[in-house]
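Position chains U, X and D relative to chain H; hints supplied.
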Amino acid sequence: MATVDKINEEIDLEVKNFSFRYAGSETNSLKNVSLPIAKNKVTALIGPSGCGKTTLLRSLNRIHDLYHGNKYFGEIKFEGHNILDENEDLIHLRTRIGMIFQKPTAFPMSIYDNVAYGLKLQGVRDHKILDGKVAEALKGGALYDEVKNRLHDDADSLSGGQQQRLCIARAIAVEPEILLFDEPTSALDPISTIAIESLIKSLKDKVTIVIVTHNMQQAQRISDYTAFMYLGELIEFGKTSKIFSNPDEDLTKQYISGKFG
Amino acid sequence: MHNKHSIKEMFFEHLTRFSAILVLFFLSAIFIVLIIKAYPAIHHFGFSFITEQKWAPNFELFGGLPAIYGSFISTLIAMLFAVPVAIGIAIFLSEISPKSLKAPMGVSIELLAAIPSVVYGMWGLFYLAPLMRDVFGGNGLGLFTAGLILAIMILPFISAITRDALNTTPKILKESAYALGATQWDVIKDIMIPYAKAGIVGSVILALGRAFGETMAVTFVMGNSHQIPNSIFAPATSIPSTLANEFSEVDSELYLSSLYFLALILFIISFIIIAFAKFYFLKNKRSRKIKK
Amino acid sequence: MTSSTKRKIINKFVLSLSTIFAIIGVAFLFWILFVLLKNGFSALSVNMFVEDGAPPGTEGGGLRHAIVGQLILAVGATVLGVPIGILAGTFVREYGKKSQFADLIRDLSDIMMSAPSIVIGTFVYALLVAPTGGFSGYAGITALAIMMIPIILRTTDDMLGLVPNSLREAAIALGAPKYKMILDVVYLGARVGILTGILLGIARVAGETAPLLFTSFNSNFFETDLAEPIASLTVTMFNYATSPYEDWQSLGWGAALILAGFVLGLNILGRIWLSFHHITRKKILKKRKR
Amino acid sequence: MILKKLLTTAVVSSLAVSLFAGEKLTGAGATFPAPVYYDWAYSYKKATGHKVNYQSIGSGGGIEQASKRTVDFGASDEPLKSAKLDKEKLYQFPAVIGSIVLVHNVAGIPDEALKLSNTNVADIYLGKITKWNDPKIVADNPSLNLPNENITVVRRSDGSGTTYNFSYFLSAVSSDWKSKVGTGKSLDWPVGVGGKGNEGVTNLVKQTPNSIGYVENAYKISNKLSGATIQTASGKWVTAREENFKASAANANWELDKHFYYILSLQKGDHSYPIVAATFILLPKEKTETNSLVVDFYNHSFENGDKSASKLGYVPLPTETKNLIRQYWKQNKLTN
Chain H
-8 MATVDKINEE IDLEVKNFSF RYAGSETNSL KNVSLPIAKN KVTALIGPSG
42 CGKTTLLRSL NRIHDLYHGN KYFGEIKFEG HNILDENEDL IHLRTRIGMI
92 FQKPTAFPMS IYDNVAYGLK LQGVRDHKIL DGKVAEALKG GALYDEVKNR
142 LHDDADSLSG GQQQRLCIAR AIAVEPEILL FDEPTSALDP ISTIAIESLI
192 KSLKDKVTIV IVTHNMQQAQ RISDYTAFMY LGELIEFGKT SKIFSNPDED
242 LTKQYISGKF G
Chain U
555 MHNKHSIKEM FFEHLTRFSA ILVLFFLSAI FIVLIIKAYP AIHHFGFSFI
605 TEQKWAPNFE LFGGLPAIYG SFISTLIAML FAVPVAIGIA IFLSEISPKS
655 LKAPMGVSIE LLAAIPSVVY GMWGLFYLAP LMRDVFGGNG LGLFTAGLIL
705 AIMILPFISA ITRDALNTTP KILKESAYAL GATQWDVIKD IMIPYAKAGI
755 VGSVILALGR AFGETMAVTF VMGNSHQIPN SIFAPATSIP STLANEFSEV
805 DSELYLSSLY FLALILFIIS FIIIAFAKFY FLKNKRSRKI KK
Chain X
223 MTSSTKRKII NKFVLSLSTI FAIIGVAFLF WILFVLLKNG FSALSVNMFV
273 EDGAPPGTEG GGLRHAIVGQ LILAVGATVL GVPIGILAGT FVREYGKKSQ
323 FADLIRDLSD IMMSAPSIVI GTFVYALLVA PTGGFSGYAG ITALAIMMIP
373 IILRTTDDML GLVPNSLREA AIALGAPKYK MILDVVYLGA RVGILTGILL
423 GIARVAGETA PLLFTSFNSN FFETDLAEPI ASLTVTMFNY ATSPYEDWQS
473 LGWGAALILA GFVLGLNILG RIWLSFHHIT RKKILKKRKR
Chain D
428 MILKKLLTTA VVSSLAVSLF AGEKLTGAGA TFPAPVYYDW AYSYKKATGH
478 KVNYQSIGSG GGIEQASKRT VDFGASDEPL KSAKLDKEKL YQFPAVIGSI
528 VLVHNVAGIP DEALKLSNTN VADIYLGKIT KWNDPKIVAD NPSLNLPNEN
578 ITVVRRSDGS GTTYNFSYFL SAVSSDWKSK VGTGKSLDWP VGVGGKGNEG
628 VTNLVKQTPN SIGYVENAYK ISNKLSGATI QTASGKWVTA REENFKASAA
678 NANWELDKHF YYILSLQKGD HSYPIVAATF ILLPKEKTET NSLVVDFYNH
728 SFENGDKSAS KLGYVPLPTE TKNLIRQYWK QNKLTN
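From first to last, the protein sequence lines are chains H, U, X and D. One point on numbering: in my numbering, the residue at position 172 of the first sequence is 163, and numbering is uninterrupted. One point on numbering: in my numbering, the residue at position 237 of the second sequence is 791, and numbering is uninterrupted. One point on numbering: in my numbering, the residue at position 216 of the third sequence is 438, and numbering is uninterrupted. One point on numbering: in my numbering, the residue at position 287 of the fourth sequence is 714, and numbering is uninterrupted.
Simulated from the structure, these hints should not be mistaken for laboratory data. Be careful, since some hints might not be right.
Using C-beta positions, here's what the derived DEER-type ranges look like [what the hints assert, rightly or not]:
1) LYS743(U) to SER177(H): 22 to 32 Å
2) SER10(H) to LYS319(X): 50 to 60 Å
3) SER238(X) to ASN73(H): 28 to 38 Å
As a list, the in silico BS3-like pairs of lysine-lysine whose alpha-carbon atoms are at most 25 Å apart [said to hold, decoys possible]:
4) LYS260(X) to LYS633(D)
5) LYS608(U) to LYS607(D)
6) LYS30(H) to LYS230(H)
7) LYS760(D) to LYS478(D)
8) LYS319(X) to LYS832(U)
9) LYS230(X) to LYS62(H)
All C-beta atoms in this analysis are idealised placements derived from N, C-alpha and C, irrespective of residue type, glycine included.
Just chain H, with the same shape it has in the complex (with noise of 0.2 Å):
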């Protein structure tokens, strides 16, 4: 019943009739579910609260898993292989695809730590081999300049938008091949915002981008593909320009006209 819009381009991650149900809920919080997540692109999923954006972008790195109970039911392939599966290998899968948070989660240690602690956990243990990749993912991350004289600092000396990219960078130096972004700017001040949004767009060349936001403007902004989701369901997928300027539902047109959400 969703319109999803078939595209030409190379698919990183392909979401197939997935449903998901929280732990003690008797209905499924996403019914059947389908849609590609092109690779190096940004793809947006938006849609008004308790739509199920956030359960399914957390559902692409299984962080659900975290808790007891939760389900997972259809498939999410990514090279070939469903990741569902039960004996798929979660900590490899988690530094291929990495997640920044609705609020910056600086760790309770220095800026270079904080930065290193993803390569740090794969078995990086030279101090120049760190070096290199922290300040390569600090520039990544658009961070670099404003805390190259202060490495050591405790990461919770930043603002919050400083965080914020630190979280971005901390996340590309693992080098993931996509990244997933929960409301990234949510808790920012517009200039943050805009430093975000920019260095999402500059970070596509390297990763495929997942972004959950409630801000249609930024989704407009930023992403080439649009997915909107509403009620737990997928209504309609395809090119953010299509999406924002005909889009086939009414529900999607009435939605991004304003008039609920």
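Just chains U, X and D now, kept in the frame of chain H:
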């Protein structure tokens, strides 16, 4: 009308102020009384009291070292056992345990913290000491047994506070570490423990203060020997158990004064330990807040 | 071995270790509880509650004197310590606020709260026992009250802090003088918390032995005169447990059970009371929203 | 359930608060005579309604608390000399005679079977003999199967008249002891674990295999411990039995003007058990009112308590001694 109120107002305010000053009064009074009472011994022995080993009341010779040593070593043994186990319990309660176990186990551990220490002492004398005797030989009384009882006594206290501190780690912070490919242990050691560190260290220091000043749990099993033992399984004594054993039975001024000297030393050390924990807690409260 | 498999093995190992630690720790704690319940219940009898102490080997010795003595000491310490604690807490929160003096009192009471209880015993001995010529219930009560004041002070301080300022402003806006506002509005708003604090404070001091050894001393008889030495469950336990007589040791376990029951009962009561009020308060808030 | 019981107790108790106001006395001190004082106080309360609250805290405590006037009477197994009594303004009289016995907890060795020479006792407490099968012990006990185990030495942790009398005895039989440790209520013990009171020592001996301790005979009897046979002053083996204690006690030479100061240790005679001691009561001179009550209590006990004293393992004072004490009371106007 107005006047009546302002008299009452003044009266009430001064009453509360007076009560607050009482706290200051009691604490200073404890210090002053201890110093006055300890003065004859301080004057007679000087600071060599702290380094002198011989405790021979029949010769009017009093050295505090064995008691001070016993207090330190038994507390050290207690911390060595209690800290890892308590943190283990806290990690279990906060991260590993199935949900259905969390609440009952958490509450029962908190309730165990409320059991009077004299009960721990009784258990120690009748159950733990024989067990220690069978396992390690000797007579089962001494620093090791006392340390073990102290460890068990402070266990609930440290675990409860550590669990609470670990639970304050924001979910989103843990998730973002998992999203980087961290294992559960990575998250615990790199995120949760550093995040809760101040709380954990604070609780550990407070527990240390408690173990150091504990009387009843150790007096039963210390062995009460004013000798510096050559083994942790040999009988020893501690400051509080020396006081409990000998305080009401001294028959000379110098003897009593020496016991007050020990009490003064105990009070000062506890004061330092607690003040340190307090300082740590305070420092912690100001920093470390996730930005919103 | 890749770093990821190594980390997974370490993860498994450490988590299992922590589970084992938890099991060992909890096993010890439950061992104590089991011993207490087993010995305590087998010692429990009606006699224990209606008879006083008797020489070892005499039929029908009980703990009435110690139970009543313990209650007298606990109630006495409450009567003496709670008003001072509440008033001092009120000063710190309502009058002293963030002044250096108020902070000093807070810090000092934290220190007093954790001071070794035996030191307080020696202090009261010097202050009240040696000069007045006798061990007495009064001395015991004073020692326990000194321990109780900082506990009540800090609870009052914290609980008054939870009372929203809007309530205070509303009272002042109605023309109430400050002491009226505190007595009628602030105390009312904080009463659940303060009462819980009092319960926990009683539970805390009721389990103390060390400060009583040289103050209220002990008695083999039923005693209600505070000028005389008074028996307590804790000191009786200490004496009975270290004695060689099996009937006394058994009574000691009985005393331990009664005391632990009393202390745990107060703790549980405090919790239930608090959670009960927490729930009702939530309900009230919900109703208001509607 | 427990709370309910507690509540009923409180109610019952408040109803039970006796309307007749019996007199109250608080005494504290020696643990050595504590069992018999408990017993006497219990009977005295039944007979007269007066409460005598005796707390056994050790003789050191008895002297200290009586001197400080924190109790109505003190009790000590170490008699005080006139000078000290004058200084602290105390009266003193003996109340009962007891004996210090060496008790052990060695599996398979029955009461009285183990022979310990007086010097061996000193050497054990000096830490010179550490094993039960030490040749010096075996020499006196060729027929016993003594274990190759360490001896756990148990002694007092508090100021004790029992210790005073025991160390007095050890100083007399061992010059080594005399020079290294000496005599006193609290000592710098070379070895051992400390128990609080005779109660604590008994408890530790009972609980600890291969231990040895010294306690008043009453503690040995009521706890069915095994005792050792030791030596008289002249080196004859002597068991810890009532007739041997009595043989020692018969030698006592009490003197009124010395306030009965007398140490019964190592009396002459082939049957005189060597560590026998009287235990004393200390009365603050100025407390005339309570003193007459204390005296009444002891007079009542002298008249009615001999049987229970013997049963518990003490030696009651001979009638002539009791009369001498009554004379002392009268002379110092201690009676009403």
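Hint check against the structure, violated hint numbers in rising order: The structure conflicts with no hint, since it agrees with every one listed earlier.
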